[in-house]
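Residues 273 to 494 in the numbering used here are what the sequence shown lists, from first letter to last.
Rather than coming from a laboratory, the hints here were simulated on the basis of the structure. Computed from a predicted structure; not experimentally measured.
Simulated restraints on C-beta separations: (1) Ser346 with Glu305: 37 to 45 Å; (2) Ser344 with Tyr471: 14 to 22 Å; (3) Ser346 with Val470: 18 to 26 Å; (4) Tyr406 with Lys348: 17 to 25 Å.
All C-beta atoms, glycine included, are put in the ideal place defined by N, C-alpha and C.
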Amino acid sequence: MPIYRLSNDLAFPDPSFAEEDGLLALEGDLSPERLLLAYSNGIFPWFSDEEPILWWSPDPRFILYPKDIRISHSMKKTLKNNTYRVSFDTCFRDVISNCSNMRKETGTWITNEMIEAYCKLHELGFAHSVEAFYEDKLVGGLYGVCIGKCFFGESMFSTMDNASKAAFITLSKVLEAKGFIVIDCQVHTNHLESLGAVYISREDFLQVVQRGISIEPLKLRF
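I would like the entire structure built from these sequences, with the hints used as guidance.
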C-alpha cells in the first residue's frame with residue numbers, strides 16, 4: 273500500500289491502510305490539534321531527527337487494561353516499603369528529557385521537536401507525567417497523553433531498579449480508580465509484558481479507543 277503524505281488539512285487516512293509494519297503516513301505537523309486527532313484514531317508519531325514526521329498504527333496493538341496490572345512479589349515489597357516517592361505532573365519536561373537522554377546511545381526518537389510538542393500538550397492539560405523519586409532525586413518516570421478514559425503511553429525511563437515499574441503500577445492503579453478503560457503501550461516490550469500488557473488487534477483497539485474517548489473529554493487531574 274502507498275505511504276500517505278499528509279497535507280495541511282487536519283486529517284489522517286484510515287488506519288487500516290497502514291503498511292504491515294504499521295507505518296501509515298508521513299509529514300504533517302505536531303500541532304496539538306493534529307496530535308489529539310491522531311491519538312483519537314489509534315495513530316502516533318515516531319521518527320528520528322533525520323526523518324520526516326512518521327505516523328504509525330501497528331496491528332496488533334500492545335495494551336494494558338488497568339484492572340489487569342500484574343505486580344510481582346518483589347514489586348509489592350518495593351511499593352510497600354515506599355522505596356520510591358511517586359508523583360504526578362510535577363516535572364513533565366524533566367521526565368520527557370530523561371526519556372530522550374536514555375536513548376541517545378541507540379538513536380533517540382524523542383527529538384527536540386517532539387519534546388516541545390508534548391510540553392505544549394502538557395500545558396493544555398492533555399499530556400501527563402508520572403515521576404519516581406529516590407531521596408528527592410528523579411530516578412524514573414513516564415509520560416503519555418490522556419483523552420477521555422484512554423491513556424496513551426509514550427515512553428518511560430529508569431536510572432534505578434524498578435523505578436519506572438513503580439511509576440507505571442501507581443499510574444495503573446490511579447487510572448483504574450478513575451474508570452479508565454485502557455493504557456496504550458503501542459508496541460511490545462518485555463518490561464510491559466511482565467506488568468500484564470497484551471496484544472489485541474488494531475480493529476479491537478480502535479473500538480476500545482472510540483468507546484473511551486466518547487466519554488466526555490477529560491483533562492485528567494491527579
